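Trainee: Residue numbers (this note's numbering): 1 to 864.
None of these hints come from the bench; they were simulated from the model. As the structure is a prediction and not an experimental result, all values here were calculated from the model. From the three backbone atoms N, C-alpha and C, an ideal C-beta is built for every residue, glycine too. Some hints could be false.
FRET-style restraints, in silico, Cβ to Cβ [to be verified]:
| # | residue 1 | residue 2 | range |
| --- | --- | --- | --- |
| 1 | E100 | P421 | 23 to 31 angstroms |
| 2 | S493 | G388 | 50 to 58 angstroms |
| 3 | G722 | E389 | 45 to 53 angstroms |
| 4 | D528 | E433 | 41 to 49 angstroms |
| 5 | S493 | A623 | 28 to 36 angstroms |
| 6 | E711 | G75 | 47 to 55 angstroms |
| 7 | E711 | D452 | 33 to 41 angstroms |
| 8 | D519 | E707 | 18 to 26 angstroms |
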Amino acid sequence: MWRLPRGIETEGGGLRGPTPGISTHGRRPLVAVVLVAGFAGSSALACTGAEDDYPWTPVESPVPVDPEVEARVEGLLARMSIEEKVGQIIQADVRKVTPEQVTAYHLGSVLNGGGGFPNNEKYSTAADWLDLADRMWEASVDTAGGRVGIPVIWGVDAVHGHNNVIGATLFPHNIGLGAANNPELLRRMGEVTAREVRVTGHDWNFGPTVAVPRDDRWGRAYEGFSEDPGIVADYARAIVVGLQGEPGTADFLDDHHVIATAKHFIADGGTRGGRDQGDAVGTDQMLLEIHAPGYVAALEAGVQSVMASFSSWNGVKMHAREDLLTGVLKETMGFDGLLVGDWNAHGQIPGCSNESCAEAVNAGVDMFMVPDDWEGLYHSTLAQARSGEIPEGRLDDAVRRILRVKIRAGVLDRGRPSSRPYAGDESVLGAPEHRAVARQAVRESLVLLKNDGGLLPLSPGQRFLVAGSGADDIGKQAGGWTLTWQGTGNRNSDFPGATSIWDGIRAAVEAGGGTAELDSDGHFDPGDPPDVAIVVFGEDPYAEFQGDRETVDYPRGDGRELALLRSLQEAGIPVVSVFLTGRPLWVAPELNASDAFVVAWLPGSEGAGVADVLLRGADGSVAHDFTGRLSFSWPRTPDQAVLNVGDTEYDPLFAYGHGLSAEDDGGLPRLSEEWLGRSDSRRRTVFFAGGPLPPWRLWAEGEGGPEQRTEAASGQTTSRAGEVVVTVLDRRVQEDARTIRWTGSGRGKVLVAAVTGLDLSREANGGLALAVDVRLQEPTEESIWLVMGSDNGREARIQVTDYLGALPTGEWATLRFSMRCLAEAGVDVTRINTPFGLESEGPATLDFSDVRLVSEAEGPALCP
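Build out the structure end to end from the sequences listed, making use of the hints.
Mentor: Following this line, the structure appears as structure tokens:
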């Protein structure tokens, strides 16, 4: 045994061998939050967390106990072996399980996570999905050897339409729907989603999200309808009925509907610092009055599934909280449906792992969601059930709940998925009547924040310049959870039948006798300027923890779009900004540089709905006014991340409920820009954490050089000529690491890079080191190079083969490289646009995850 070289640290140690707030327009009174004004803001999150036994009350479910259903459940349960019972509580990802294994392990459920497709093929057809659904179903009902043969159910995150499937209707994300404030529209959206989900043979939707986001830095803020628990409750009720049908009628869970899931129980929107999977701290009163209303409403609508949260409540992981999962949800509130876990969340309980966690079952989780490690979990759970560590009664209760939901949903009687209504009917995906519902949702979700001089709505008979990165990018306007988990790596051709915002503007302008030109960079002939410019810009797609932020300052990247807004305004061209965002963000500079400012949120596939409101009809009439109103308060400064109506100190730029109509006086005084340039500091020190942090992006590059780079967004990405393959990998949480495989067919690079450089001279002179976590999958003698580059072509290339060779194979380790030494090796630290890259020509495979700058005081740094 000998010590690793200085600058290398393994997880197991070091010894190894080689404007003011503005009045509300039309928003209903905020009853729930007013009741708990003292708990609503940051003060609530700072409290001690002492439990106060605030009274929880039973919820009257509209789905009565049916003696025939219960008798059937008990009959099945009596026939099942302990192996079959354990199999029922396991849910595996279709990418990691075969139909033969479904039979052998008696699995009760499968899922496809975001970016999961049949045969890992993004362009799978409805027939491909249905074929796999049939094979999974047939495997589950095999009765050979005395098996009972309980049909499997397939769950999917159809969170804004059937967003995993090419050609489906994509609705605005929940934050936009909250601004629309139209529960009836939500019911119709649920009905559309259920029909489209049925096309591919799925039974179960992991939605709606009924979180109440209290800190807008949270990467899942856009999955919440509002900071107002009342709106969340109204919407939860409506969408559950839309998805499942009306309880007590023949529509309930019939062939046209699917099982709904209220998630993530409970308080996932209240974590400290807005950290995904973090800790929410507070009192029972806060839990009940802020975070519970969505669940109460969902239970009142008959929801059949609830998903437990990754997060903690007062320091204890929710998957381990028997008091809340069993005591509150099941016993006091009376929920008799299925409580499913989230993606490997049981493994985060202290003392548990992804492959073993009796504590989660005993706390009340009825079904593990364990995408990769399901086989090990099956064996450990079976042993725990046999030993009594998981009591027989608790296992039977879990299976009983699963069977009850399956029977209520008709899963046991409906036959193979391909025999059901809508099965394989691609005409249902993105049907015109479905897109019409989504287009209405887009129109009603738009919020007008500024309209100087009554600029909007625009006459279509003018000359338009349409610019900005979001103008003709359907993937960007749809956001995360769109075909891929993060919503990245998509092209407009991936959305047949959809319309970009540009498509809608062009069609409306042409119909009105005007002209429109698209130039994403905003170029125009100075001698013949346009009458008006529409600039569409905003956040790039993200999902879950990869969207967590340090502030609510809009990340401006290279600053080109703000410069564009200012240049257009200085040229005397009226500027309409259309802002794409998953949360309220500080945009004072952009507001100042715009004559009109519209928040479009993340509108989904029907971008033409934006033009419906921006532009008058061909006859000059206003067909659709701005009716959207903020369901989240808008920050005055970048540090107002916790900003909720009812807070003791409530000083937003735009108050909850604000939104202009066309007839309103829409001007704004000039706003302070004193925070300009003080954007998220993490971009200077963290380059890859779960994924590349904006403005950084991950690229695969082969012999063709930078001009032929391919963005490695999610799933699997291969360089143009196949020199290097990048695949997502789970390290601590879902897809937070990457595997790099050099094929040996030529020089290949994987790079974290941005368009323009960042001045890191202070960091280079301040004793910082570039740290990267790596894991060598197999020994290699191939030359591997660490690369750091600047936007003037200068770079540092350091051979790291020897350092990698010193690592223990199969274990994560941290390599640190002195920034001072990298500067001496040739990179221009004043213009860093590629803070990290790895390059090789020969065949090799390694994993990497976190890439960041750390103090050399944290550990010695390499200086080759």
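Trainee: Take the hints in turn and mark each one as holding or not.
Mentor: Cross-check of the supplied hints:
| no. | hint | verdict |
| --- | --- | --- |
| 1 | E100 - P421: 23 to 31 angstroms | holds (29 angstroms) |
| 2 | S493 - G388: 50 to 58 angstroms | holds (56 angstroms) |
| 3 | G722 - E389: 45 to 53 angstroms | holds (49 angstroms) |
| 4 | D528 - E433: 41 to 49 angstroms | holds (42 angstroms) |
| 5 | S493 - A623: 28 to 36 angstroms | holds (30 angstroms) |
| 6 | E711 - G75: 47 to 55 angstroms | holds (54 angstroms) |
| 7 | E711 - D452: 33 to 41 angstroms | holds (37 angstroms) |
| 8 | D519 - E707: 18 to 26 angstroms | holds (21 angstroms) |
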